[in-house]
Amino acid sequence: MAKTKGYLVDTTKCIGCRGCVVACKQWNQLPAEQTRFKGTYQTVPDLTGNTLTIISFHEYEEEGQIQWYFAKRQCMHCLDPACLKVCPQKAISITDTGAVVRDNDKCVGCQYCAAACPFHIPRYNRETDKETKCSLCTERTAEGELPACVKACITGALQYGDRDELLALAKKRVSDIIGKYPKANVYGETQAGGTNILYVLADEPSKYGFEENPKVGTVIHAWQDIIKPYFPWLIALTGAVSVFSFFSTRFLGVGKEAHEGESLDG
Amino acid sequence: MKVTRREFLKISGAAVATLPVLGFDLTPAMAQSGTFRIKNIKPVPSICPYCGCGCGVVVYAADGKVINTEGDPDHPINQGSTCAKGASVYQLHDNPRRMRKPLYRAPYSDQWEEKDWDWVYNQIAKRVKKTRDETFITKEKVKTKDETGAEKELEMTVNRTDAIATLGGAALDNEECYLYSKLARGLGLVYVEHCARL
Amino acid sequence: MTNHWVDLRNTDCALIMGSNAAENHPMSFKWLMKAKETRGAKIIHVDPRFCRTSARSDLYAPLRSGTDIAFVGGMINYIFENNLYFHDYVANYTNAPFIIDDGFDFKDGLFSGYDPEKRKYDQSTWNYKTDADGNPLKDPTLENPRCVFQLMKKHYSRYDVDTVCKTTGTPKDLFLKVAEAYAATGVPDKSGTIMYAMGTTQHSVGSENVRIFAVLQLLLGNIGVPGGGVNAMRGESNVQGACDMGLLMHVLTGYMGAPSNDPAYVDLAGYLKKETPKAGFKVNTPKWLVSMMKSYYGDVATKENDFCYDYLPKRRTDRNYTHIGMFEAMYDGIVKGVFVFGANPYVSGPDANKETKALENLDWMVAADLFETETAAFWKEEAGADPKKIKTEVFFLPAAASYEKAGTITNSGRWVQFRWKAVEPVGEAMGDLEIFYEIGKRVRGLYKNSTEAKDKPIQELVWNYTEHDEAKLLDEVQREINGYDLTTGKLMPKFADLKDDGTTSCGVWIYSGMYTEEANKTKLRDTKDPSGIGIYPKWSFAWPANRRIVYNRCSADAAGKPWCDDKKVIWWDSNKVDEKTGKVGNWDSIDVPDFIVKNAPTDPDGCKPYIMKDDGVGGLFAKMADGPFPEHYEPWESPVEHSLSSVQFNPAAKIWDTPMNQKGKADKYPIIATTYRVVEHWQAGIMTRNTPWLAELMPNVFVEISNELGAEKSIVNGDVVTIESARGKVKAIACVTPRLKPFKINGKLYHEIGLLWHYGFQGIAKGDPANRLTPHIGCANSNTPEYKAFLCNIHKGVN
Amino acid sequence: MVEEKRVVKTTLGARLTHWSHTICWFTLLFTGLVMFSGWFEWLKPVFGGANGANFLHRLFAVIFGAVPLFGLLYKPESFFGWMKEAARWGSNEIKFMMMFPFDLIGLKVNMPPQDRVNAGQKFNSFFFPTVCFFIGVSGVIMWFAESFPLWLVSIAYPVHDLCWILGTMQLMFHAYLGSLHPGSGESFWAMFGDGTVRASWAKHHHTNWYNETYGEDE
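Chains as they are written, first to last, in my numbering: chain A, 1 to 266; chain B, 267 to 464; chain C, 465 to 1263; chain D, 1264 to 1481.
Hints may be right or wrong, so weigh each one.
Derived DSS-like pairs: lysine-lysine, alpha-carbon spacing no greater than 25 Å straight-line [said to hold, decoys possible]: (1) K409(B) - K1118(C); (2) K630(C) - K1129(C); (3) K392(B) - K1047(C); (4) K738(C) - K405(B); (5) K367(B) - K844(C); (6) K1129(C) - K396(B); (7) K985(C) - K308(B); (8) K855(C) - K396(B).
Only part of the chain D face toward chain A is listed, based on derived beta-carbon distances under 10 Å [as the list claims (entries may be wrong)]: (9) A1277; (10) L1279; (11) M1298; (12) A1316; (13) F1333; (14) L1425; (15) M1432; (16) M1435; (17) F1436; (18) L1440; (19) L1443; (20) H1444.
Here are the in silico distance ranges between beta carbons for each label pair [what the hints assert, rightly or not]: (21) W1305(D) - T301(B): 27 to 33 Å; (22) G1182(C) - E204(A): 23 to 29 Å; (23) E61(A) - L601(C): 55 to 61 Å.
It is worth saying that the hints were derived from the structure and are not from the lab. Since we're looking at a predicted model, the values are computed, not measured. For each residue, glycine too, the CB sits at the ideal point set by N, CA and C.
Isolated chain A, as found in the complex (with noise of 0.2 Å):
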């Protein structure tokens, strides 16, 4: 793969002030949703048709000490996208920089990727009729500027760059924090076939809501490589086998006057 582009999400340094999500929401025009408080932080429970990035919250109270984890969750542009394949209409392609990008005239909804997609991110929009997810700013990027998300981080918890430069960053984040978080790993250099948005967790990527090896459903895989390619042809067999059959009896003269001029008895 050509050196692809996408952010470093170090969780140790976000400070949950959500100014991402805003700066997503106004560069993408998306307008706001009904929300209500539930007793968390999280008071957008989940990505949805109008919102392409959230910040979850995770409390934790382990001996005494609590912890408190933001992650930011959006589209994770893996380096070999499930939703890329499933879709009938080849609306989602991977720009020069590595980023997932839909084609938003040819996506038909169908919310194929939302179901093939390994870290479930697609959502569906009722008004466009459209599956939406996060496009890493591709038009932006194409200007030389940074995505929306990444330029408006206050603390530097995303970082915008070259693939393989933000995982030695990230390598060597985790290896400063070791001390303090024993757990500390890097999420997203191998999860799913590798993804272009790197994490720096300080905990098991469960703790912060992600899945622990999310990979793509077998029964995808299943449907994708077998189903998909090769059961169409049983059509044309059976097809065969009739057009064949057609001649055969007509060759071999059972023809239909010989059924006809059946008598009773047959």
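Using the hints provided, position chains B, C and D relative to the given structure of chain A.
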């Protein structure tokens, strides 16, 4: 078109009547998302109106409409970054809930009446003059001690009214606060406060 | 702030106390994270609850609301006991060596000179002991038992670790970790910064809370150095500017004292005698006041008529004009009309039920804002009012937003920054500058032909600005603020050149120099930083005199040598030649020196860094309304008996026993309550609750309660609960969390809860204003209301 | 020649259900193909773009589901009768299935006596309803994906595709065997006409059924 049950019934009623003629496409072309809409527009630098950090914000406007607001990349305090509030300043201007006309509420009324600026200015000036004239104190007697320590009365010029108060200004510009303070002191007001004290 | 935002990257240890910096001043964490990365800085957060700031801090210690002085007093005692103070700094730059008058004393919670009836101190015994010709006596060895150092040591010896932890409810180990970590900055090559906000100031001991931070920083030598300072993080974009412009009852512009009907202020001479100290930079007060009067009254102000000094209104000494006092007066029908510009006291004022009732007594109100505020619509049914019973006439003026007009605002770091106009205001909205000008013009129009003496002040006020041209109007006002040399008509270059003979004018002396003939420095946007420590001298203008780190003389020792290389700001260069005077040996600096640079270090005044004070040194001992040393007193509504002295409540704080301001007792209201904000909303919320993207992120009022309290009251996450105080009742959604724990005080467990206070009946995100619960009680010095510690009760359900 | 005796093989209800089912199936097939893969780009204009196809697929899916459901509710006995018949598997049926390939090629075979529906059709009577059932269920899951658990949704897609492929495969046989295959002409036109076939044809092809229902007036 992926539709909910309710919409489906509504549409299907109509659509069956106009079954798609060959080649006729039902939906309008979707807006092409992801255009770099601020291309070659000169951003106007401003400062975020919210907390006291004083972060730089740039506003992109084209033919009288705000089309984008972001952090000011040159600003030494925030270097282009913004918190949730700073990133939302776009909706301060593009917001139907903004007040757009001077309003007046008559005594005991339960709703606003729209007025024009000239009318409200004159009415306000009348109220200020009436209340000031009724309660203004130019001189008043105060107790003081003369050299021997005995108590005596002193007449002081105070030029004050306690009947008019001013509140606010922490969100106003410096120049506005200066005129506000100058006008208040010129009118003889002493109840001059704002939420720095809260 | 004594320093500024970018300077936070130079710190080695940040004590965030009385603030939730990551949420209410998020940009501070850009620079704290930079300090952590480049200098290995440690971030300490001391707060009643574990919030988003604590999540990113290295060390978090809980404390009960209202016990900041006990906590920091304990740290000061820890510093004295372990000899961790910065000796050279304390000896040279504070009034530690000064001897105090024999009459001064402190016994069981009260200082000498207390008058219980008037609830005031007679401060005559709180003076320095002086020799025959009035110079204060000093003991440089700091041994003399009557010197400030020893008196302070004795005062805080009562704040031993056990007593402190019994009062604040902080676990002992955490308290010692905080004390040890922060005291480590008391060395030449380290600097610690204190970042505080309303959690410090909104108490009945608010000013002393700030004072004890100053004392702590002086003891550790952290003031005047990069990465140090006592940094008040202001909540509003221009609250700093609004204070500078004199929009407070007790000050004129530039913090000159506003005259009252105290006989001393009878005339200009009397005023200047009372307000001008014998030494220190404030000796220039006459120049500042006369210049201001020339700006207000122009040619009419002459030497003969005391420069129209009589026109300045003089408030009554027997009446309290602060916010609480104003609403009490409104409630009593004294105040008839009010201007409310860019403010929403219905939501932000204490004891909201009473303050709403007070509004109903008004004859008229003029409100200006971007959105319809709760305050302007207090008469509506949605506010729960009965319009048919409210006579107040209300004029609502639509105001322009920040980037729909041009102007300058001053941030916490005293940077006066210009902001340009990007687009026309919506509808018929107008900039507040033009609104004030028009109102002034119309009122003066009505008074044009009056011959009465009482109308002279308004008639002769200089108000000849250009009409209907907002750019010219703005420019004229900016120039007026900066001031003119009236003999040449040129703009004042700096406030040092102001005169008291009427030949110069200056609206706000501390801003003088911001708009000179050379340039309007507020518009400067030069991103270069020659200092390398984030000074950015050519980015906008910082008052005073573009100085970015105040008291920066303290960054060098008595001889003028910087304490350490990467913390130097100003230093004595013995062989630097001054071209103009040819003098050899001058001060050099990377920031505007906060010091009279003609004094060499060895001169008598060469070692007086605190030029605003008449003794020129930092005030460990300083005359405040409630005592020269900060002393812990319990909040007005407290569930516990005070264990440091028998004086339960701040003896010098004004108590309002007026209607609708009942005091809650602990038996009926056992739970401690505090109020605070979140990053997604701002102050009274009228702007953010009308912003869809922010209303989506924080839609409802919530109250954070501990798991233990939740179990006790069988309240679970998401339940709607009612919180009640002696003054009011509000509904909120419960957020049951481990981030808030009950406090063990004097061996017994007390619960604490916290409420968001941004909400009102307007906007997309609506809710009950939490300030229906808070009392009308204020700080002894500033009368800032005690929002942060009061008593309440909570129960499930809505009734 | 005197009009030869005819017997009723299929009722009007059955025929209507059958043909509406067929129309729905083909429409669904083609609108679905537009969404299934990019190969069927050329089909898009016919249905008014991808979104048009999308809508039609849902419209006909509802009909596809409603008609048999209505039939089931209206005359349950006809459906259950059919199923009962189809469930009768004896040696005749097995022998029939064994000899079927030869018949398919066109060799002369003596098929064992069959009921109203012969063994192949009995297999078909189970196969198609099952396929249609699963298509319907998985279709509903895909249509309202938001209200179903993710794992179910991700299973629905392969099931839906598998079923329509198998269904269409089976359709190939059913369509051919029911029409062009020698001897099917009679029942083919019956499906279009009034549902009657020549008695002699019925006696030959569906001997058991003929004898049972029409045997006595021989």
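Does the CB of L1425(D) sit less than 10 Å away from some CB of chain A?
With a minimum Cβ separation of about 6 Å from chain A (threshold 10 Å), the hint on L1425(D) holds.
Are L1279(D) and chain A close enough, Cβ to Cβ, to be under 10 Å, as the hint says?
Where the cut-off is 10 Å and the nearest Cβ of chain A is about 26 Å from L1279(D), the hint is violated.
Could you see if the CB distance from G1182(C) to E204(A) stays within 23 to 29 Å?
27 Å, holds
Could you tell me whether the CB distance from W1305(D) to T301(B) stays inside 27 to 33 Å?
30 Å, holds
Evaluation of the interface hint that places H1444(D) against chain A, nearest CB under 10 Å
For H1444(D), the interface hint holds, since the closest Cβ of chain A sits about 7 Å away, which is under 10 Å.
Does the Cβ distance between E61(A) and L601(C) fall inside 55 to 61 Å?
Taking Cβ atoms as reference, E61(A) and L601(C) lie about 56 Å apart, which means the hint holds.
Would the hint on F1333(D) stand, with a C-beta cut-off of 10 Å toward chain A?
Violated, about 28 Å.
Against chain A, is A1316(D) within 10 Å by beta-carbon distance?
Because about 8 Å separates A1316(D) from the closest Cβ in chain A, which is inside the 10 Å limit, the hint holds.
Need the status of pair K367(B), K844(C): alpha-carbon distance at most 25 Å?
OK: K367(B) and K844(C) at ~18 Å, within 25 Å.
Is the interface hint for F1436(D) satisfied, with its Cβ closer than 10 Å to some Cβ of chain A?
Cβ of F1436(D) sits 6 Å from chain A, so the hint holds.
Taking 10 Å as the limit, does the beta-carbon of A1277(D) come near enough to a beta-carbon in chain A?
23 Å, violated
Is the interface hint for M1435(D) satisfied, with its Cβ closer than 10 Å to some Cβ of chain A?
Constraint on M1435(D) satisfied, holds at 4 Å.
When the structure is compared with the earlier hints, violations turn up for hints 3, 6, 9, 10, 13 and for no others.
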